[in-house]
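Q: Each chain, letter by letter, is given below.
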Amino acid sequence: MISSIIGQLFGIVPFGDIVFGFSEFSIIGFVVALIFTIVVYLTKPEKQLEAQKFRVEDKLEVVSLEELKIRRMMAIVCGIATAGAMLTYDLFDYALFLTLVGIANIGIVSAVKKDWVLNASYQYGLIAMIATLPLFGSAGMILAKTGTLSLFELPKIPTSLLFEKIIFAAGMAGETGIAPFYASKAEMFRAPGSPYILMIHLSSLLLIVRTVEILLTI
Amino acid sequence: MDLFNLNLAIVLFIIGNFVGLEYSYRRYTTPYTEKKIDKIALILSVVGGLLINTPLYVVGCFLIGFPLGMRPGYGRIEFVVGGIIALLTYLLLNSY
Amino acid sequence: MDSSIINVVNLTIHAFLVGSLLLGLHRKIIARIQGRPGPPIIQYLLHTIKFYVKEITFPITAGNPLYIFVALLDVSVWLTALIIAIDLKSSLLIIIGIYVLQKIVEHGCGLSSGSPYGKIGGVRSVFSAAAEVPLFAVVAAIYLTTHSVLISDILNYQSIHGSLLFKMPICAFAFFILLVSKAPNSPFGIVKGKDIVSGYMTEHYGLLASIIYIAEAIAYFALLWIFIAVFIGPWVVSHPLITLAVMVGLTVILAFVNGLTPLLAPHHSVMLQMTIAGLVLCDVLYRLIMGG
Amino acid sequence: MDEERKCGLYLLIIGLLCTFGIVMFKGMICYLLYVIAVPCLLYGIGSYLIPKTRRKNAGRLPFRGF
Numbered sequence: 001m002i003s004s005i006i007g008q009l010f011g012i013v014p015f016g017d018i019v020f021g022f023s024e025f026s027i028i029g030f031v032v033a034l035i036f037t038i039v040v041y042l043t044k045p046e047k048q049l050e051a052q053k054f055r056v057e058d059k060l061e062v063v064s065l066e067e068l069k070i071r072r073m074m075a076i077v078c079g080i081a082t083a084g085a086m087l088t089y090d091l092f093d094y095a096l097f098l099t100l101v102g103i104a105n106i107g108i109v110s111a112v113k114k115d116w117v118l119n120a121s122y123q124y125g126l127i128a129m130i131a132t133l134p135l136f137g138s139a140g141m142i143l144a145k146t147g148t149l150s151l152f153e154l155p156k157i158p159t160s161l162l163f164e165k166i167i168f169a170a171g172m173a174g175e176t177g178i179a180p181f182y183a184s185k186a187e188m189f190r191a192p193g194s195p196y197i198l199m200i201h202l203s204s205l206l207l208i209v210r211t212v213e214i215l216l217t218i
Numbered sequence: 001m002d003l004f005n006l007n008l009a010i011v012l013f014i015i016g017n018f019v020g021l022e023y024s025y026r027r028y029t030t031p032y033t034e035k036k037i038d039k040i041a042l043i044l045s046v047v048g049g050l051l052i053n054t055p056l057y058v059v060g061c062f063l064i065g066f067p068l069g070m071r072p073g074y075g076r077i078e079f080v081v082g083g084i085i086a087l088l089t090y091l092l093l094n095s096y
Numbered sequence: 001m002d003s004s005i006i007n008v009v010n011l012t013i014h015a016f017l018v019g020s021l022l023l024g025l026h027r028k029i030i031a032r033i034q035g036r037p038g039p040p041i042i043q044y045l046l047h048t049i050k051f052y053v054k055e056i057t058f059p060i061t062a063g064n065p066l067y068i069f070v071a072l073l074d075v076s077v078w079l080t081a082l083i084i085a086i087d088l089k090s091s092l093l094i095i096i097g098i099y100v101l102q103k104i105v106e107h108g109c110g111l112s113s114g115s116p117y118g119k120i121g122g123v124r125s126v127f128s129a130a131a132e133v134p135l136f137a138v139v140a141a142i143y144l145t146t147h148s149v150l151i152s153d154i155l156n157y158q159s160i161h162g163s164l165l166f167k168m169p170i171c172a173f174a175f176f177i178l179l180v181s182k183a184p185n186s187p188f189g190i191v192k193g194k195d196i197v198s199g200y201m202t203e204h205y206g207l208l209a210s211i212i213y214i215a216e217a218i219a220y221f222a223l224l225w226i227f228i229a230v231f232i233g234p235w236v237v238s239h240p241l242i243t244l245a246v247m248v249g250l251t252v253i254l255a256f257v258n259g260l261t262p263l264l265a266p267h268h269s270v271m272l273q274m275t276i277a278g279l280v281l282c283d284v285l286y287r288l289i290m291g292g
Numbered sequence: 001m002d003e004e005r006k007c008g009l010y011l012l013i014i015g016l017l018c019t020f021g022i023v024m025f026k027g028m029i030c031y032l033l034y035v036i037a038v039p040c041l042l043y044g045i046g047s048y049l050i051p052k053t054r055r056k057n058a059g060r061l062p063f064r065g066f
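Chains as they are written, first to last, in the working numbering: chain V, 1 to 218; chain W, 1 to 96; chain P, 1 to 292; chain L, 1 to 66.
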């Protein structure tokens, strides 16, 4: 049943409550997230050329060192959280990783000294905080209904979880800032420092795919 | 036909295209003609259309690529004639 | 050494050559629609070879090694798609993950160079990701019908129940829109629109452009193959020659669609794609409620 | 050695190592190594085929006043 979605399952690592599983899908996601984290660590931020008002020349924008260090750290935290979210096979863990990614996304742009970027990240932060309620709420409702949160056990229980799934999807949409909540996040992508911005994009897209996988499984 | 033989045919088709391109740029200087048929390309195309249904289909691909690859504005009629001959031969061979 | 690797090498060369020729044919047909003679159909291949031996310099504004890495990642991503889809016939969900990585490549290409044109291309790619990724609600609909997202299972289902194209026309249409938006000169091609020079590829020239061209040829082949396999059926993909013929047919259709439509403004493009994605979501909900 | 060729050398070494790995190993890891090896070799070989740059200010984007 579960292998008809994620491909072959290679093995699981029972780590107390936190169960890590290795399937074709999760290995590819994990490797991609890790490789991107390494590349982001190695890459120096690019310099941007920006047009100016009432002047002919373009201005060269350089990212300063103290701005760089904190952003790089948050990008690495974001990458590790994404890699963890790819592997975990526990719904509560997954929700935790999702929130951690949301927090790290705000952290990545928090050191940029531009007020429109900070404004956008503030709005995104509000949405992300509101979205934690449906996210953890649906995980709690699933636990109350079925008595387990393990993604290996949930498909075996013949209960309709349609309402919980819809709430979970809504929470994920708010947390990663996709389609309906997209306007809050768009201005964040204009901040200088492409590798860190890339990490925001990568983490949210990978998490969307992973959420689709989870919602199809349970 | 497995993938390797198909690849071989495609590579020869591309080489045929390239040879046709080179040939027509050396021979013609005007960018576009109407109602003028290149005899060499026509012969090669007809032979290619016949060969493409035989075990020598690799050579057939090479020859039929020749008129198709000619420079813009040349080799259309030749290619269409070759293609029709290839189609007719295919239908003739497979009707029995 | 695994003998299956030789198959994969064969497949890669096949995908590259066929994808290049089809993209050339696409360009030729658009030229004929517009009343020009158009370049010969090997033009795309010639471009790839020409750029492969052209000089490059790294812009001083670029963020290395991300600047090179994204171009190489593009090839890796579509080779993975080729292996997962055609060789292993594994999960369709992994294919979405790979398509998502393609968006990352576009974004990274655009932003890592520091050029304003590239930046606009990258930001537009983020916008269109918000509209294109929901189109993959198709996968949910397929799962509700066939009870599996593995490509091999879908092919088995189709050999018993007939082609999925007639069972789920809305999903097929949505996937077709995805193909249209990936083809060159498409109405949804805001990422590479001519108003922003070459979009995200503006500062990737010479050798790096050649590598991206190779990846795009493979991507075109892979996406066409997935569409044919998932919606038309196993009898087409069982023989490479029939697959080739159907791909040529699809390319002609795509060329007519792209040749006859104007490039949409960014917000129109996104709104249209969102509307189609909403249609698919309605379809999924209908299937869910009717018990699929 | 300029920066483009230095990157090319590193990638060529990675690509050759991966090719060696493909010959040595069996199974799923072959696919992974193949996916890494192909683009690395493409860039690595290509960087030694391209001519040296003849620009005066290499790497400067052609923009207003820059």
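Simulated from the structure, these hints should not be mistaken for laboratory data. Ideal Cβ placement from N, Cα and C applies to all residues, glycine included. It cannot be assumed that every hint is accurate.
25 Å max Cα-Cα, derived SDA-like pairs, lysine to any residue [said to hold, decoys possible]:
(1) P:K50 - L:F20
(2) P:K54 - L:F20
(3) L:K6 - V:I38
(4) P:K167 - P:I232
(5) V:K47 - P:I253
(6) P:K192 - P:L144
(7) V:K44 - V:V56
(8) P:K50 - L:M28
(9) V:K165 - P:K192
(10) L:K26 - V:K47
(11) V:K47 - V:W116
(12) P:K167 - P:C282
(13) P:K54 - P:Y117
(14) P:K182 - L:V38
(15) P:K50 - W:V81
(16) W:K39 - W:L87
(17) V:K165 - P:N64
(18) V:K145 - V:Q52
(19) V:K53 - P:Y117
(20) W:K36 - W:I84
(21) P:K182 - P:L288
(22) V:K165 - V:W116
(23) P:K194 - V:F152
(24) P:K50 - W:V47
(25) P:K194 - P:C282
(26) W:K39 - W:N53
(27) V:K113 - V:K145
(28) L:K52 - P:I232
(29) P:K50 - W:I15
(30) L:K52 - P:N64
(31) W:K39 - W:I15
(32) P:K167 - P:L285
(33) P:K54 - L:I29
(34) L:K52 - L:Y31
(35) W:K35 - P:G38
Example chain P residues on the side facing chain L (calculated, C-beta under 10 Å, incomplete) [as the list claims (entries may be wrong)]:
(36) V75
(37) T145
(38) L281
(39) L285
(40) L288
Q: Could you run down the list of hints and mark each one as holding or not?
A: Outcome of the hint check:
At roughly 29 Å between alpha-carbon atoms, K50 (chain P) and F20 (chain L) are farther apart than 25 Å, so this suggested pair is violated. Between K54 (chain P) and F20 (chain L) the CA atoms are separated by roughly 29 Å; this puts the pair beyond 25 Å, and the hint is violated. Our distance criterion of 25 Å between C-alpha atoms is met by K6 (chain L) and I38 (chain V), whose separation comes to about 19 Å. Of the supplied pair hints, the one linking K167 (chain P) and I232 (chain P) holds, its CA atoms being roughly 11 Å apart against a limit of 25 Å.
Of the pairs offered as hints, the one joining K47 (chain V) and I253 (chain P) is violated, with about 43 Å between alpha carbons and a cut-off of 25 Å exceeded. A hinted pair counts as satisfied when its Cα atoms are at most 25 Å apart, and K192 (chain P) with L144 (chain P) does not qualify at roughly 35 Å. Taken as a hint, the K44 (chain V) and V56 (chain V) pair is broken in the structure, with Cα atoms around 28 Å apart against an allowance of 25 Å. Simply put, K50 (chain P) and M28 (chain L) have alpha-carbon atoms about 35 Å apart, too far for the 25 Å limit, and the pair is violated.
A distance of roughly 37 Å separates the Cα atoms of K165 (chain V) and K192 (chain P); the hinted pair therefore is violated under the 25 Å criterion. For the hint linking K26 (chain L) to K47 (chain V), the alpha-carbon distance of about 44 Å lies beyond 25 Å, and the restraint is violated. With a CA separation close to 19 Å, the supplied pair K47 (chain V) and W116 (chain V) stays within the 25 Å bound. For the hint linking K167 (chain P) to C282 (chain P), the alpha-carbon distance of about 15 Å falls within 25 Å, and the restraint holds.
Of the pairs offered as hints, the one joining K54 (chain P) and Y117 (chain P) holds, with about 22 Å between alpha carbons and a cut-off of 25 Å not exceeded. Taking the CA atoms of K182 (chain P) and V38 (chain L), the gap is about 23 Å. The hint holds against a cut of 25 Å. The straight-line distance between the Cα atoms of K50 (chain P) and V81 (chain W) is roughly 32 Å, outside the 25 Å bound, and the hint therefore fails. Note on K39 (chain W) and L87 (chain W): the hinted pairing holds, with a Cα-Cα distance of about 21 Å set against a maximum of 25 Å.
Restraint check for K165 (chain V) and N64 (chain P): not satisfied, since their Cα atoms lie roughly 42 Å apart, outside the 25 Å limit. Distance restraint check for K145 (chain V) and Q52 (chain V): the Cα-Cα separation of roughly 59 Å exceeds the 25 Å cut-off, and the hinted pair is therefore not satisfied. About 18 Å separates the Cα atoms of K53 (chain V) and Y117 (chain P), which keeps this hinted pair within 25 Å; it holds. This hinted pair checks out: K36 (chain W) and I84 (chain W) have alpha carbons roughly 19 Å apart, not beyond 25 Å.
For the hint pairing K182 (chain P) with L288 (chain P), the CA-to-CA distance comes to about 30 Å; that exceeds 25 Å, so the pair is violated. Between K165 (chain V) and W116 (chain V) the alpha-carbon distance is near 35 Å, which puts this suggested pair outside the 25 Å criterion. The suggested pairing of K194 (chain P) with F152 (chain V) is violated, with an alpha-carbon distance near 49 Å, which exceeds 25 Å. With a CA separation close to 32 Å, the supplied pair K50 (chain P) and V47 (chain W) exceeds the 25 Å bound.
Proximity of K194 (chain P) to C282 (chain P) is assessed by CA-CA distance (about 35 Å); at most 25 Å being required, the pair is judged violated. A threshold of 25 Å between alpha carbons decides the hint, and for K39 (chain W) with N53 (chain W) the separation of about 23 Å falls inside it, so the pair holds. For the hint linking K113 (chain V) to K145 (chain V), the alpha-carbon distance of about 47 Å lies beyond 25 Å, and the restraint is violated. For a cut-off of 25 Å, the pair hint linking K52 (chain L) to I232 (chain P) is broken: about 49 Å separates their Cα positions.
For the proposed pair K50 (chain P) and I15 (chain W), the alpha carbon gap of about 16 Å is at most 25 Å, so the pair holds. For the suggested pair K52 (chain L) and N64 (chain P), the alpha carbons sit about 20 Å apart, so the restraint of at most 25 Å is met. Taken as a hint, the K39 (chain W) and I15 (chain W) pair is honoured in the structure, with Cα atoms around 20 Å apart against an allowance of 25 Å. Between the alpha carbons of K167 (chain P) and L285 (chain P) the distance comes to roughly 16 Å, so the proposed pair stays at or under 25 Å and holds.
Between K54 (chain P) and I29 (chain L) the alpha-carbon distance is near 34 Å, which puts this suggested pair outside the 25 Å criterion. With a C-alpha separation of about 34 Å, the suggested pairing of K52 (chain L) with Y31 (chain L) is violated against the 25 Å cut-off. Only pairs whose Cα atoms come within 25 Å are accepted, and K35 (chain W) paired with G38 (chain P) is accepted, the gap being roughly 18 Å. Taken as an interface hint, V75 (chain P) checks out: its beta carbon lies about 4 Å from the nearest beta carbon of chain L, inside 10 Å.
The criterion of a C-beta within 10 Å of any C-beta in chain L is not met by T145 (chain P), whose closest approach is roughly 30 Å, and the hint is violated. For the restraint placing L281 (chain P) at the interface with chain L, the shortest Cβ-Cβ distance is roughly 33 Å, beyond the 10 Å limit, so the hint is violated. Checking L285 (chain P) against chain L: minimum C-beta separation of about 37 Å lies over 10 Å; hint violated. Of the supplied interface hints, the one on L288 (chain P) is violated, with its beta-carbon coming no nearer than about 35 Å to a beta-carbon of chain L, more than 10 Å.
In summary, the structure is inconsistent with hints 1, 2, 5, 6, 7, 8, 9, 10, 15, 17, 18, 21, 22, 23, 24, 25, 27, 28, 33, 34, 37, 38, 39, 40 from the numbered list given earlier, while agreeing with the others.
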